[in-house]
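Engineer: Residue numbers (this note's numbering), protein chains in the order written: chain A, 1 to 107; chain B, 1 to 142.
Where hints are given, some of them may not hold.
[Said to hold, decoys possible] Here are some, though not all, of the chain B residues that point toward chain A, as calculated from beta-carbon distances under 10 angstroms:
#, residue
1, E7
2, I8
3, A12
4, R16
5, L21
6, K29
7, I95
8, V96
9, V97
10, L112
11, H114
[Unchecked claim] Below are the DSBU-like pairs computed for lysine-lysine, each with C-alpha atoms no more than 30 angstroms apart in a straight line:
#, chain 1, residue 1, chain 2, residue 2
12, B, K11, A, K76
13, A, K76, A, K49
14, B, K29, B, K104
15, B, K29, B, K11
16, B, K104, B, K11
17, B, K63, B, K29
18, B, K29, A, K100
19, B, K63, A, K100
20, A, K100, B, K104
[Unchecked claim] Using C-beta positions, here's what the derived DEER-type ranges look like:
#, chain 1, residue 1, chain 2, residue 2, range
21, A, R79, B, A54, 30 to 36 angstroms
22, A, T18, B, T41, 18 to 24 angstroms
23, A, R44, B, P24, 23 to 29 angstroms
24, B, T58, A, R44, 48 to 54 angstroms
Worth flagging that the hints you see were computed from the coordinates, not collected in a lab. Don't be surprised by glycine CBs; every beta carbon is placed ideally from N, CA and C.
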Amino acid sequence: MAHHKRSDAVFRAIADPTRREILSLLRAREQTVGEIASNFRMSRPAISKHLRLLRTAGLVATRQFGTAHVCRLNAKPLRAVNDWVRDYETFWSATMQDLKRYVEEHQ
Amino acid sequence: MNPIVQEITIKASAERIFEALTNPGERMKWWWGAKGIFEITHVESDLRPGGQWAMRGTGAGGKSIAVTGVYRTIERPRLLVFTWLPDWQAEATVIVVRWDLEEKDGVTTVRLTHSGFTSEGYRATYRGWPQILSGLQSYVER
């Protein structure tokens with residue numbers, strides 16, 4: 001059940017509803033920071049802060065286009081989440097087998 | 001992607017299984033016992049809503065490990081819900097483990113549901129987690 005510090009940033013990034021919403025918006029297409037911010041009631045600096053965190057996690061990439069910053073989704077780091085879930089499936093399956101064996105032998 | 005759900009059928013009463021899950025002495029005997037990779041040396045269990053539980057032991061390479069959590073729901077012997085916080089894992093993750101025990105004719109169906117992980121600070125938002133992953137999984141897999 002290896003879990004690396006590197007993926008902590010990914011888990012932290014997707015733990016927040018606003019950041020999940022931003023990721024959903026970017027699934028459709030690339031968007032500028034302004035376009036993203038227009039979907040939320042919070043201030044643009046607040047949205048920029050969320051985007052910074054998503055960038056740190058490697059989930060969002062930005063490029064300069066004229067005066068605007070265009071953001072796009074990079075879903076690759078989410079693979080860490082998938083691996084994590086898969087590890088746990090194996091873990092729980094083994095744990096339940098242990099429970100069954102023990103209880104059936106020790107009534 | 002939905003929460004992890006697993007089911008197993010055990011030839012024993014729900015009460016017997018509930019005891020094996022919550023009694024410290026019992027838990028020590030079976031949890032990880034069969035694999036020999038981990039050795040549990042200490043189990044605590046304050047079985048009441050909000051009560052703490054802990055398992056400590058030795059993992060691969062003699063490294064000490066600990067898993068702690070808090071009991072959230074206790075409806076003996078049908079339902080047990082607790083949080084699960086392993087010390088070898090990101091502090092950003094909180095897992096909720098739910099055990100449903102359904103006894104019929106001396107046989108109990110045990111269903112485990114592992115859901116939600118989020119930072120402690122965002123504990124309340126964990127319900128939104130499965131939806132986001134279902135949408136993003138397709139991106140991961142392509």
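Engineer: Evaluate each hint against the coordinates.
Structural biologist: Cross-check of the supplied hints:
1. E7: holds, 8 angstroms
2. I8: holds, 4 angstroms
3. A12: With a minimum Cβ separation of about 5 angstroms from chain A (threshold 10 angstroms), the hint on A12(B) holds.
4. R16: holds, 6 angstroms
5. L21: With a minimum Cβ separation of about 7 angstroms from chain A (threshold 10 angstroms), the hint on L21(B) holds.
6. K29: K29(B) check passes; min Cβ-Cβ to chain A is 6 angstroms, inside 10 angstroms.
7. I95: Cβ of I95(B) sits 8 angstroms from chain A, so the hint holds.
8. V96: violated, 12 angstroms
9. V97: With a minimum Cβ separation of about 8 angstroms from chain A (threshold 10 angstroms), the hint on V97(B) holds.
10. L112: At 6 angstroms from the nearest chain A Cβ, L112(B) passes the 10 angstroms test, so the hint holds.
11. H114: holds, 6 angstroms
12. K11(B) x K76(A): violated, 44 angstroms
13. K76(A) x K49(A): Holds, at roughly 21 angstroms.
14. K29(B) x K104(B): At roughly 26 angstroms apart (the allowed maximum being 30 angstroms), K104(B) and K29(B) satisfy the hint.
15. K29(B) x K11(B): holds, 18 angstroms
16. K104(B) x K11(B): holds, 10 angstroms
17. K63(B) x K29(B): With a Cα-Cα distance of about 20 angstroms, the restraint between K63(B) and K29(B) holds, given a limit of 30 angstroms.
18. K29(B) x K100(A): holds, 12 angstroms
19. K63(B) x K100(A): Roughly 27 angstroms separates the two Cα atoms, so the pair holds.
20. K100(A) x K104(B): Measuring from Cα to Cα gives roughly 16 angstroms; hence the hint holds.
21. R79(A) x A54(B): 30 to 36 angstroms: holds, 32 angstroms
22. T18(A) x T41(B): 18 to 24 angstroms: violated, 43 angstroms
23. R44(A) x P24(B): 23 to 29 angstroms: violated, 53 angstroms
24. T58(B) x R44(A): 48 to 54 angstroms: holds, 51 angstroms
This entry does not satisfy hints 8, 12, 22 and 23, going by the numbered hints stated previously.
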